[in-house]
Amino acid sequence: MRHLEITDISSSYGDQQVLRGVSLGADKGEVVSLIGPSGSGKSTLLRVLVGLTPPTAGEVFVAGERVDYSSNAALKALRNHMSIVFQQYNLFQNMNVLDNVTVSPVKVRKESRAGAEERARVLLEKVGMQDKEKAYPEELSGGQQQRVAIARALATKPEILLLDEVTSALDPERVNEVLDTIRSLTNEGITMVIVSHEMSFVREVSTRVAMMDEGRIVETGTPEQIFTSPTEERTRDFVSKILAHR
Amino acid sequence: MNYTFQFSEVLDELPYLLGGAGVTLQIAFVAFWGGAIIGLIGALAKVYGGKASKRIASSYVTILTNTPALVQIFLLYYALPDLGVLLDPLTAVMIGLVLNSGAYLTEILRAGVISVRLSEIEAATTLGMSRLQIVRYVILPHIAKTIYAPLSNFFVWLVLGSSLAALFGVEELTGRAINISTANLRSIETFTVVAGIYILLTVIASTSLAMLGRWMFRVKVRVF
Amino acid sequence: MLERLIEEAPLFFNYHNLVFIGQAMARTLGMTVIGCSVGFVLGLSIAIIRQSASRVLLPLRIVVIIYVEFFRRIPFLVVLFIVLFVIEPMMPGTSLFGIATVSVCLLSTAFLSEIMRAGLESVPKAQIEAALALNFNALQTLTMVVLPQSWRVILPPAAAFVVMFIKDTSLASQLGVIELTFAGKMLVNRGFSPVLGFGAILVCYFALSYPLSRFAAYLEKRLATS
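Residue numbers (numbering that gives the first Met the number 0), protein chains in the order written: chain A, 0 to 245; chain B, 0 to 223; chain C, 0 to 225.
Because the hints were derived from the structure by calculation, they are not lab data. A portion of the hints provided could be inaccurate.
As the list claims (entries may be wrong) - From the structure, some residues in chain B lie toward chain C, with a derived Cβ separation under 7 Å: (1) L69; (2) V70; (3) L74; (4) A78; (5) L159; (6) L166; (7) T173.
We put the CB at the ideal spot given by N, CA and C, even for glycine.
Please build the complete structure, drawing on both the sequences and the hints.
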């Protein structure tokens, strides 16, 4: 079984079926990207994976073990191995940058403050925010906040990192600094699931790309397959529309 | 505790109590509208008035909103006879409440007057609207939307505040409750029923005002 | 009337009266401080209970909601009477100050809980989700993320409430508690001019309330800009 195995996941919001039997897998260290039109369920899939939205059917296996999304203890264990970075960064407004990155290791995982701060500084340097450790989120630009959010997600040493449209809320000039950060992460052996509209970026860093539409996976393949010779018509439609705007 | 609750005695007096509720609403009504007139004058004075009017209006508001209405009414009630003016309790309470409300309403209305945005007026001007049209279609609706919620809340607050009058012998709802309970000695039941009537009054008032606001001004006022 | 005032003023402002008024002011202040402190703590607890989604707490949530909606919609005078007539037979000999303070606490809890609830609800859901995704438990989310961010929304209306509260304590005079208003009445009954008596009382209330209302305005200005 692959590192992350998603089988037949369905999820609904009220009486709206958002995910209809999604199956996807990722080997350790793979970078799988989800593309597709808005409302296709990409972000919902990530939310289901990290346990923010309950699945109504299907199973998820992490490192061979089934995840029980109804058990609080299981969710806690899951989040020790899986981190998510949100589109709106969601940094804690009442804490500065360093505290944002160290709060989970220190308060939740009960690590020593000194050790956590040391590792936080390494991570902040990796994302290029080491000079801003005392700054508060409201003093930072969107791109800077997002990079801190990535550092925060990495502080828990996840094996799986979920990135939910992390550049969509940023000004165009800020997008590249975040993409650079993510690019540098792709070689570190973390299994990543990326939802993004940045097609050239997706094409560059992904090992596999999955096209989603209306709550289903329409097609999966290598970036070349999906972008240059897609087999499904919906994929062709979407890709040509997106690429035409480049 | 061997006290048996006897609500029937109180419920017999329900018509009398509901009459009191009517008086309560009358007091709130008069205090509100009387205060609104003063409030309008005060608001305009504070925003558009000269230095003297601004000072007078400010002092009026500051003094009356930082001291209890009860003491203000006591002052009126006991001091006026010295000046030769004899007022019956209801009138004294009414004047006191009107003056007190005027201070609070000055502030509410002032917030409305200054809430008008220059950008909206500019947009209307560039669209060719006359000054009268701008007042009618841009300024007044905007002010109405801004002040409707605070005004509604203030009215409901007045309904509760009118209970002050009972301390001067006025037979509004609380006053009648006192009358009944001294007669039948069923104090807890009486005041519980009266509490229920007040809750009914305020809920009806809030809901009606909320619906009125939604219909007339398209304002969303929270009831619960 | 002016002659009467000038005549009486020196008699009025003697040591005995001033001490008397001072003590009354202390009682007014005491009721306010106790009422608002208790109201703050209990109000916060109620707000937290109302925010929680736990099924175990549901009966408590219902009780609390009924309590808040009830006490927000009845006049303070009625609350005073009900508390008086409930406590007196059960615990005869309770001081009037005690009864007034209990009434005052019941009221402040109800109102402050609504202010706190608005504050807690003002924190964006996304912040809570971020905390969840980082494995914070409920207590950690509350104390490290929600509460620190709700103060901005809670403080201005809370300060305004305390200003209003000082004036509400004047109704306790009805019970016979010798706070400021009752002191005024007593002085007037002793024969002093109402203008002197109640005027002095008004000044005392003003001295308590005005600095606080300026502070509240300052808070509103500083914290409401975000």
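**Message:** So, as I understand it, the hint says A78(B) touches chain C; can you test that by seeing if any CB pair is closer than 7 Å?
**Reply:** The hint holds - A78(B) has a Cβ within 7 Å of chain C, the shortest such distance being about 4 Å.
**Message:** Tell me if the interface restraint on T173(B) is satisfied: Cβ within less than 7 Å of some Cβ in chain C.
**Reply:** holds (6 Å)
**Prompt:** For the hint on L166(B), does the least C-beta distance to chain C fall short of 7 Å?
**Reply:** holds (6 Å)
**Asked** Would the hint on V70(B) stand, with a C-beta cut-off of 7 Å toward chain C?
**Response** holds (6 Å)
**Item:** Status of the hint placing L74(B) at chain C (closest C-beta pair under 7 Å)
**Value:** holds (4 Å)
**Cut-off 7 Å, beta-carbon criterion: hint that L69(B) touches chain C** = Since chain C brings a Cβ to about 5 Å from L69(B), closer than 7 Å, the hint holds.
**Message:** Does L159(B) hold up as a contact with chain C if the rule is Cβ-Cβ below 7 Å?
**Reply:** holds (4 Å)
No hint from the list above goes unmet by this structure.
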